[in-house]
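Visitor: Single-letter residue listing:
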Amino acid sequence: MAPAFSTRTAKSLGFEKAAKAWGGAAAVATSWGDLRIDARPLLQKIWVTFATPLANDLHVSDLVTLPAARMPLSPTGIYALAINRYNKLLLSEDGAGIEHVTSELSKREDILLGDASCAISSAVVWGKHAAEMLARAAFVDVANFADGEYARMQFGHSVVIVHKYGDAFWLHWPETLTEYMFGWWALITSFERD
Amino acid sequence: MKTDDRIAPGVSDTQRVSFVFDGKSYKGLVGDTLASALLANGVFVVGRSFKLHRPRGILAAGADEPNAIVQLEPGSEHSEPDLKATQVELYEGLTASSVNRWPSVDLDFGAALGVLKRFLPAGFYYKTFMWPNWHTFEPSIRKAAGLGVAPKNADPDQYDIRHAHCDVLVVGAGPAGLAAADSLSKAAASVILVDENAAVGSSFMWMASDAGRQHSLDWALSRAEAVRARPNVRVLRRTTATGYYDDNTLTLLERVAEHLPIALRAGRVKQRLWIVRATHVVIATGAHERPIVFGNNDRPGIMLSNAGATYAAHYGVRLGASAIGFTNNDRAYEAFFSTHDGGTPVRDIVDSRATLSDELTSACRSRRITLHLGAVVCNASGRKRVKSVEIRAADGKSRIVSCDLLLMSGGWSPAVHLYSQAQGRLRYDRDLAMFRPQADPARERCTVIGSANGTMGAQSAVLEAMNAAAAIAARLCLEAGAEPATPKPKDLSDTQYRISPLWRVEGSRASAWVDFQNDVTESDVRLASRENFISVEHLKRYTTMGMASDQGKTSNVNALALLGVATDRTPDQVGTTRFRPPYSPVTIGAFGGHARGDLFIPRRYLAAHDAHLRHHAQILEYGSWMRPAFYRLGSETDEQAWNREVLHVRSKVGVFDGSPLGKIEVKGPDVVALLNAVYANELGTLGIGRCRYSVILNEGGGILDDGVIARLSQNHFLVGTSSAGVQRVLEAFEYWRESGKGFRVAIMQASDQWATYAITGPESRRVMQSLPIDIDTSKDAFAHMSFREGHLDGVPCRVARVSFSGEMTFELSVPAHYGRDVFERIIAADAVPFGIEALMIMRTEKGFIHVGVETEPSTTLRDVGMGALGSKKVLPFVGQRAAKRTAMTHESRLQLVGIECVDRSQKIRAGGHLVAGPGEPSEGHLTSCIWSPVLKKYVALALLRAGASRLNQTIKVYDDGKFTDARIVGTCFLDPDGEKLRL
Chain A
0 MAPAFSTRTA KSLGFEKAAK AWGGAAAVAT SWGDLRIDAR PLLQKIWVTF
50 ATPLANDLHV SDLVTLPAAR MPLSPTGIYA LAINRYNKLL LSEDGAGIEH
100 VTSELSKRED ILLGDASCAI SSAVVWGKHA AEMLARAAFV DVANFADGEY
150 ARMQFGHSVV IVHKYGDAFW LHWPETLTEY MFGWWALITS FERD
Chain B
0 MKTDDRIAPG VSDTQRVSFV FDGKSYKGLV GDTLASALLA NGVFVVGRSF
50 KLHRPRGILA AGADEPNAIV QLEPGSEHSE PDLKATQVEL YEGLTASSVN
100 RWPSVDLDFG AALGVLKRFL PAGFYYKTFM WPNWHTFEPS IRKAAGLGVA
150 PKNADPDQYD IRHAHCDVLV VGAGPAGLAA ADSLSKAAAS VILVDENAAV
200 GSSFMWMASD AGRQHSLDWA LSRAEAVRAR PNVRVLRRTT ATGYYDDNTL
250 TLLERVAEHL PIALRAGRVK QRLWIVRATH VVIATGAHER PIVFGNNDRP
300 GIMLSNAGAT YAAHYGVRLG ASAIGFTNND RAYEAFFSTH DGGTPVRDIV
350 DSRATLSDEL TSACRSRRIT LHLGAVVCNA SGRKRVKSVE IRAADGKSRI
400 VSCDLLLMSG GWSPAVHLYS QAQGRLRYDR DLAMFRPQAD PARERCTVIG
450 SANGTMGAQS AVLEAMNAAA AIAARLCLEA GAEPATPKPK DLSDTQYRIS
500 PLWRVEGSRA SAWVDFQNDV TESDVRLASR ENFISVEHLK RYTTMGMASD
550 QGKTSNVNAL ALLGVATDRT PDQVGTTRFR PPYSPVTIGA FGGHARGDLF
600 IPRRYLAAHD AHLRHHAQIL EYGSWMRPAF YRLGSETDEQ AWNREVLHVR
650 SKVGVFDGSP LGKIEVKGPD VVALLNAVYA NELGTLGIGR CRYSVILNEG
700 GGILDDGVIA RLSQNHFLVG TSSAGVQRVL EAFEYWRESG KGFRVAIMQA
750 SDQWATYAIT GPESRRVMQS LPIDIDTSKD AFAHMSFREG HLDGVPCRVA
800 RVSFSGEMTF ELSVPAHYGR DVFERIIAAD AVPFGIEALM IMRTEKGFIH
850 VGVETEPSTT LRDVGMGALG SKKVLPFVGQ RAAKRTAMTH ESRLQLVGIE
900 CVDRSQKIRA GGHLVAGPGE PSEGHLTSCI WSPVLKKYVA LALLRAGASR
950 LNQTIKVYDD GKFTDARIVG TCFLDPDGEK LRL
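Read top to bottom, the protein sequences are chains A and B. Just so we're aligned, residue 0 is where the first sequence starts under numbering that gives the first Met the number 0, counting upward by one. Just so we're aligned, residue 0 is where the second sequence starts under numbering that gives the first Met the number 0, counting upward by one.
Derived by calculation from the structure, the hints in this document are not laboratory data. Keep in mind the model is a prediction, meaning the values are calculated, not measured. The hints are all genuine.
Pair by pair, the computed Cβ-Cβ distance ranges are: (1) B:SER712 x A:GLY32: 46 to 54 Å; (2) A:GLY165 x B:PRO875: 49 to 57 Å; (3) A:ARG192 x B:VAL114: 53 to 61 Å; (4) B:THR586 x A:GLU148: 30 to 38 Å; (5) A:SER105 x B:ASP974: 38 to 46 Å; (6) A:ALA142 x B:ASP609: 33 to 41 Å; (7) A:ALA142 x B:ARG424: 33 to 41 Å; (8) B:ASP430 x A:GLY32: 51 to 59 Å.
Reference listing, derived: stretches of chain A covered by chain B, where coverage requires no fewer than 3 residues with Cβ under 8 Å from a Cβ of chain B: (9) 105 to 118; (10) 137 to 145; (11) 165 to 176; (12) 182 to 191.
For every residue, glycine included, the Cβ atom is placed at its ideal position computed from N, Cα and C.
Bound-form chain A, shown alone:
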């Protein structure tokens, strides 16, 4: 059984390049230069919630048998975002191999693992003007983000997470807001840059 992604969402607001990007990268034309949006609908995501808040000095890697260097930014692309007073993490991976992490965590009675892959959509935005585009899209000002820094914004009833990873910005949002997100970007990138 094949998953069905919401390509309708991007097309309906005319963001055709982004619609194509729902399976891969797409460039945005006009004055936004080399801006790229690479949608990652298949990115695997796991919510990890802890029954008790983690102490500030307790790294998630202490809870799982992983080398510290692999968290939060691991060579295999697994990263963890502390979302809610350090008791809610989003593990994400741009490839295979997250199972061994979840199998370690699932042994804990006070940890709840939830597959968020279908509930949360993701995209990577990069290019010289990526920060400006995101700032204009009414996200927080990401221009001065350090590598690994993230921010969240309330978005209706949901949370959109912006995360800097290398030179790119990763975005995670509720899948059902996809049409809204692409519509927003279509509008923003239709403006001439400053």
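Given the coordinates of chain A, assemble chain B onto it according to the supplied hints.
Guide: Using the frame of chain A, we list chain B on its own:
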């Protein structure tokens, strides 16, 4: 003077533009404001006053302008009301009109009100229109009031919102602001520098004369160039800081494309609202010049001295042939001299002070300007342009002097709006006759410099700015540190600011205006004080002084000082009104930003949205979800469609997309303790693999939400909520986990992860068994209120035997990305899709409550006939104690009942009131009402006073003037024993 003769730094002498004002065509220059272009074309009457329709001219040159209010692009889709001509930049093809006049600004019939002026004092509305009541007169008065016309059509322009962070936000690019931005950016701070003008160096537009001004401009331009070139600086021109909010958050309104011809605006943002968080804010917003209150001081051709100098020196406008200056302070002389040197000869200067410095006296003499010391201008004449003024000398003798321009300066008021909004306190400086920031810091991290701080000389302001920058850099621990304040900007002028307060000129019977925009006179202020409106806040509201689009920038200090004179108090004893944001008007479009049309609010789509459309779903918005209301076949009406769906589900099988139903996973050692603490029913006894209908209450004992809870393992539950209630239930869980007894539970919202399809009807088991699922769905293996996990064609799935329709139902959930495919498979297995309308009919037939429809926040379990659910529980839970209060258990409360018509052919509707008869009070209302295609009659649920004890009685339903006889019955109309659920 002809437009194309002008040579000045503010305008291009080669680029001409055409524009239209009040139907007449004119020429201007690129760089002009509408105000400067009108003055250059000899147009002095640009509007009519708000109340008395007096002819008004241009008073100021910026945001403080009270008179020159125009409607831009009238009649077009881009029409915008109430703009200040002093801030509208000229572009090719600009069209504007004056406001508040009929038929024209030159001939306005409304001016007849001037005859009645003595009968129209402050507060006359309150006193006059009392009988029979205010509302009799209100429509006509409101129609006559107002300045511009709000456009009726949707705004076609694009607006933008942008967020930014910086180390230092510098507001104002005058001498002080430029110097601060320069020093701080050199110290590697990230700086945002904003100025509301198109060009930097605002006050240099008029300060200093001759070579001094040119040097000042050169200094400003070179600093601006250096600042702009640094990568750590963002310079925003045409940008007004409109508000200062908590945690150093400021809003900035950038006018991005308003200066461009409309044809060139396509693809551009018209305005952008910036939301800036700054570690430190430097307020260098300058000061506003005050008018002098004397008889007929509102005549066209009377303007503030700095405005006259700006138009003359910066825009090269020759304002007249014979000007007079009138002041009480030294700083005005710079403006007089700039005006004079700019080509508008100043013949006389009237100074209310008895002495003047030798330097200024000499400067006047060299320009052949006659000085009148110790004298005042007490009256002006000339209806549409000042023709002469009455000068009263120190010896009391008066004489009439002809002129065509009067420049006045009653002193300066620092623009402390942002500082005040930052919770900064003001003090009255008697020497400078101004309210200025106190020495102690504001609650927010900000520094006020330049004339906004009462530092009136340019050179002093620059030195103050550089010192402030050094202190800020040290506070921010910037590595390089700001450059010390050693180099003096030698070419900047620094005239000492001396002033002798002159709050009013006595001796004229003519009206003397305090607030030009609201037609408030000095006599109005005295009248208010006589009637005991002696608080400045009361004065403002009684006289309307300081309201409207200029927010009293030129009038507030004069008014409060005059109130002080009238009540024998000093200005500091009177105090100021609050400086509330916005500093200048902000369009609603800018606040809205992108949130319009399809982007107004996020719409949430079901995973199987496309499949629903293929099956002819009629999609409506329920909450934020776009969901099928019903599926139309052929030419069915709406009613035919949902009645068909109901009958099919009741007799065969249908499928309903219930994906938005809330799903919260809760796991941990204390999960039972938490659920028992927040739910009204016992959940510790729930077996693994079983479900239980549960209700959560608010602290007041009212029903918060309901749903089915399944137990997945010993310490793992799946909590079902209503579609709209998931957020409030989640918040309740989070709240009680954090603030309760330290429950060790993990909580996760999983609603979006799962697409849920309710396969409903007597044949639902057949559909389930036709799917490739590894769960035994036979009657013995999978009873009603059970829960199973398994796989559907290899994909994880969850199935619950629960029902909201009264029919046997299998709620099948799969990961959302597989939803569309699974929905199509269910349809292919002969299930008919049904929508929310059919579901609502079926649940009403069964008497199932819909939280928020059958309940209000104070509706208890007992009220809806579920009192036993909570009463059996021994353990304490949220709302338990409150629900036991007498008021919550009284027999006269609104209680849920069923209602059916005595005559089954009669129609009733939800919302109808239950009454004993005509003229009797309402005893309740219908909460839900449906036509039951199964029962062939209308049935309803209702909240009725003492309803539980009134079963089988008759009552009347009152709706839209009609009374219908009805019978009070139980809430369940169909299958009361639930046999169909347990097939």
